[in-house]
Structure formats: structure tokens, C-alpha cells
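Student: If you want the building blocks of each chain, they are given just below.
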Amino acid sequence: MPKQDEALFQFLLRMGDNTLVLGHRVSEWCGHSPVLEEDIALANTALDLIGQTQFWLGLAGEVEGKGRSADDLAFLRDVWDFRSILLVELPNGDFGQTLMRQFLFDAWQSIMLGRLMSSSEKRVADIAEKASKEVAYHVERSAGTVVGLGDGTEESHERMQAALQHLWPYVGEMFMSDDIDAEMVKRGIAPDPASLREEYDALVGRVLSEATLTIPDDPFAHKGGRTGKQHSEHLGHILTQMQWLQRAYPGANW
Amino acid sequence: MYAQVVESTGKSVKSPEEMSEKERAFQARIDAGEKIEPKDWMPDDYRKTLIRQIGQHAHSEVVGQLPEGNWITRAPTLERKAILLAKVQDEAGHGLYLYCAAETLGVSRDDLTEQLLSGRMKYSSIFNYPTLTWADMGAVGWLVDGAAIMNQVPLQRTSFGPYSRAMIRVCKEESFHQRQGYDIMMKMANGTPAQKAMAQDALNRLWYPSLMMFGPSDKNSVHSAQSMAWKIKIDSNDGLRQRFVDQTVPQAEYLGLTIPDDNLRLDEETGHYEFSQPDWSEFNDVLRGNGPCNTERLNARNKAWNDGAWVRDGLMAHAAKKAAAKIAAE
Chain A
1 MPKQDEALFQ
11 FLLRMGDNTL
21 VLGHRVSEWC
31 GHSPVLEEDI
41 ALANTALDLI
51 GQTQFWLGLA
61 GEVEGKGRSA
71 DDLAFLRDVW
81 DFRSILLVEL
91 PNGDFGQTLM
101 RQFLFDAWQS
111 IMLGRLMSSS
121 EKRVADIAEK
131 ASKEVAYHVE
141 RSAGTVVGLG
151 DGTEESHERM
161 QAALQHLWPY
171 VGEMFMSDDI
181 DAEMVKRGIA
191 PDPASLREEY
201 DALVGRVLSE
211 ATLTIPDDPF
221 AHKGGRTGKQ
231 HSEHLGHILT
241 QMQWLQRAYP
251 GANW
Chain B
1 MYAQVVESTG
11 KSVKSPEEMS
21 EKERAFQARI
31 DAGEKIEPKD
41 WMPDDYRKTL
51 IRQIGQHAHS
61 EVVGQLPEGN
71 WITRAPTLER
81 KAILLAKVQD
91 EAGHGLYLYC
101 AAETLGVSRD
111 DLTEQLLSGR
121 MKYSSIFNYP
131 TLTWADMGAV
141 GWLVDGAAIM
151 NQVPLQRTSF
161 GPYSRAMIRV
171 CKEESFHQRQ
181 GYDIMMKMAN
191 GTPAQKAMAQ
201 DALNRLWYPS
211 LMMFGPSDKN
221 SVHSAQSMAW
231 KIKIDSNDGL
241 RQRFVDQTVP
251 QAEYLGLTIP
261 DDNLRLDEET
271 GHYEFSQPDW
281 SEFNDVLRGN
291 GPCNTERLNA
301 RNKAWNDGAW
311 VRDGLMAHAA
321 KKAAAKIAAE
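From first to last, the protein sequence lines are chains A and B. For the first sequence, the positions run 1 to 254 when our numbering is used. For the second sequence, the positions run 1 to 330 when our numbering is used.
Quick caveat, the hints were computed from the structure, so don't treat them as lab data. Think of the CB as a built atom: it goes at the ideal place given N, C-alpha and C, for glycine as much as any other residue. Hints may be right or wrong, so weigh each one.
What the hints assert, rightly or not - Just a few of them, taken from the derived set where beta-carbon distance is under 7 Å, the chain B residues facing chain A:
(1) T73
(2) P76
(3) G93
(4) Y97
(5) P130
(6) G161
Please work from the sequences and hints to get the whole structure.
Tutor: Spelled out as C-alpha cells, the structure:
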């Protein structure tokens, strides 16, 4: 694969693996949420994320040019070939932690997709345009829930603050740049991740302040997911479930 | 169906002479095919029976998320995962419409939920069976949703307006569910030997539990007659079961799968299949809480409700703060 296609392939895996792994996590809630409306909303969010995965990984397979489908990429790669950020791999925790994670991701994704809509690569812009409609709703909902629970009862406030404390060190990874990003910027395909930070901080700051929650001071950020250098231990367990049928019955048609 | 053993009044149908004038007028409206709306006068027993029936149906949709939710994270392709998510989301939505329909009768959703969690109200026995392989996702769609449709299509004509309208919406989605289930079965039945074995195993396990979904034989049901007079129940349990078998046997043959019943035989004269009854003592065990998954299902629902208490309280407290701030600003 030419070097520039390799970079685009890696970029698409980053987009698709995030939605795949987060979609998996959110779908774990099915039937177990605090109230029926949330069961519906969580299933709907997971459904959107899996739908977006089909587009991103489908295009990744096309760019790679080796005949791999979105399913091949989702179900037949091992941990080290995944490019998901650590944030989406983390276990769900309680409902508050799940919704805080969702908000921290939705805020980034909504800004990222907004930029990608003017990508020089039309296929990327088309996916971004479609996904951005769904994500606009996701961020509205997750932000609303974070505010409601942050500024709810004493208990809900404490739980949301604890969730933010736990998740904040995983936010920074979304804004780290490397050679792949430089190549994407050079070709006008995608923005430099670092360039999204200001808008992100403004959006997240506004919502968390309305939620009466305090952003931790420590700027430390875990990393290793989007580069694939060092994923969390959790990812391997996700894959044992997600890929089980495809691995146990190779070549079967489902 | 999703309301198998709704105990109605326990009495036989009232004759016109036994009815009060109001009851006679009420029955006359039902006989004329009119819909009863929430604000209309209705006999207490009509109201109570409907609350139990719609409530059981709603609970079944909610608990029914669990056996299918069990396979979402293991769905074999992205498309299958998306379809299953959409389906389970639909089930939760059906639960929501049905709780709303029940609420028009003067009971709250929290009240009904509390009765489900304490085991005082039931949900369909079928959801107390485990889903063990991916083929079960096919069999549940094909057989369980198929059986549900068989019962719910006539209920679109039920006498209570909100229930009837909910059923019309629900049925549209259920027929999509059944088709996706059959589609999974087709893929499995025409797949590798292992897939075909999985499909046959799913049919073997779920066939009789599906027949149980229609409830006990009418001969043993003292409750049916009044419900039928009120058009809360449209067809007899045995009649629906027969229709289900007649429809499903050729579908199984098309798949190349064998219905696990040595007595299955087409009666050329009547055009109906003769078939073995499910083990009704097993059915009674399941209803009494001794099905394979009763404990897990109820524990899962209780855990979800209890773990979610702080979320519901938090969101309510926030809504109250917002409302108070709005009043203060005015």
C-alpha cells in the first residue's frame, strides 16, 4: 500500500475502532438501565455507533485494497491492530460513568465530524455528514444527562464528580498528534487533533460548569490506544466476546 | 400471549338480566364494535382485567430484552448486531407504549414495575428460557415473535381504544422482527453443518415453550369467556395455537429442519396439523418461578431498578430545581 494510503487507512481505523468499541460497551447496558427510556436511548446510541463503524471500517477496507470487509476488520484483527482510544475501552462502571464517558467522547466526535465534513476526501466528508446528524443528538442527550445528574441530588453529584475524576486522564489522548495526523493535515483530509482542543474545552467546560462539576487540575493523559502501542487490558476481553463466533466458526456465513 | 394467564373475574359471563343498566349499555357498545376510551364508564372488572393483561404484556416486552440482549455483544457481523440492537430497542419501545396504555386505566408505571419486581405480576413464560447459541436469535424471532404476532394481530381489534392502537403499532414492528428471525434461520439452515446443527438445536429447545405462549387449553381456562365477551381476548388459546402450528410447520420444512414432535401429522380432511401438547406441568413450574431463568431474569430487573434509583432521583431533583427556578423567574 502506498504510504499516503497507509496513513489514510490508519486514520479510518481510528475513527471506526472508536465507534465499534464504544458501541460494544454501550450495548452491554441493554435491558439493565435505570429506566425504560434509557434502555431505548442507550440501544439507539449503540446502534448509531455500530452503523458508523460499518461506514468507517468499510472505507478502511476499500482504501487498504486487500479485499477486507468492515466485518473482517472488526472481527478478525487482534488487539495490537486496533486503533481505539483508551477512553472507549474502559468498563462501563455505573450509569453515571457510562454517560460521562459518552459525553466526553460525543463532545470530541461532534467537533471532529464538523471538521471532517469539509474533508478533501469526499468519501470521508460523506460519512462525516451522515454521522454528524446522529452525533448532534448524542451530545445533546449526554450533555443533558450529565447536567441533570451533576446538578441533581448530593449522591448523583458525588457519583458524577467521581466519574469525571476517573475519566479525565483519558481525555487527552483524543488530542495527541503523530505522523499519521500530519499526513492527513497535509492532504486536507482531517484536522490536526490538537487543533480541536480549544473548542472542546469550551464546550465541555460550559456543560460541566452547568452540571456544577469541577474539571481535575492534573493535565496528565494516558495514551497508547490510538497508536496501537499499548491498549488497555480491557480491549482483549471485549474482543473475546465480540469476535467469538467468527473465530470459532471460521468462514461461516451469518 | 405476552399475557398468558390473565385471571379475569373468575366468574362466568354475565347474562343481560344479571347486568346493571350501565353494564348493558357498555356491552351493547362493545357488541356494536365501538372502542372504549379511558374516560368512558367501564365495569371495574373490565378495568382490572385490562390492567393485568396490558401490564403483563408490557412486562414481557421489558423482560424480553434480556434473552436477546444476551447476544448483542456476540452478534457475528456488524449488520446482525445493528439489526438485533434495533429489535431490542423496539421491544423496549413496545413496553413503553403499553405502560402508557395501562396508565390510561388509572395505574402508574412505577406501580406496575413494583408488582413485576416483587413477582406479583407475571411476564410471558417464554422469557424464562435461556438463549444458548446464535441460532436462538433466529428461533426467537421466527417462533416467539411469530407466536406473538398470531395473538396480537387480532388484538388490534380489541375493545379498549389505547390498547388497540398500541397493538397496531406493535404489530408493524413485530412482523419485521419475525422476518429477521427467519432470515437468521435461513442462513443457519443453509450454512455449515455446525450452523445447521445449531439451528435444529434451537428449534428443539424452543418449540414447546413457544406453544406454551398461547396459554393453557381453553377447556382448563375459566377466565376466557368473559374476556371474549368484552373483546379483550379475541380468539381462543387452542385456536391460536393451532393456527401457529399450521403456519410454522411448512416454514420449518422449507428450512429443512425437523419439528421435534413424532405425532405431528397433517389431517388431510381438516387441513390442520395434529400435534403434541407441550408439557403443561413444566409450564406450571415456569409460572411458579421454577423455569430455567426465572431467578436470573427477575434478579436482573431488580438490580437494574435498584442500581438506577440514584439516577432517577438525581434527574427528578434536577427537574424540580429547574421548575422552581422557572417559577422564581416569572
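Student: Now tell me if each hint is right for this structure.
Tutor: Evaluation of the provided hints:
1. With a least beta-carbon distance of about 5 Å to chain A, the hint placing T73(B) at the interface is held under the 7 Å criterion.
2. Of the supplied interface hints, the one on P76(B) holds, with its beta-carbon coming within about 4 Å of a beta-carbon of chain A, less than 7 Å.
3. With 7 Å as the threshold, the beta carbon of G93(B) comes within range of chain A, its nearest partner Cβ sitting at about 6 Å, so the hint holds.
4. Hint status for Y97(B) relative to chain A: violated, with the closest Cβ pair at about 11 Å, above 7 Å.
5. A least Cβ separation of about 14 Å between P130(B) and chain A goes past the 7 Å threshold, and the interface hint is therefore violated.
6. At about 22 Å, the closest approach between the beta carbon of G161(B) and any beta carbon in chain A exceeds 7 Å, and the interface hint on this residue is violated.
Violated hints, listed in ascending order, are 4, 5, 6; each of the other numbered hints is respected by the structure.
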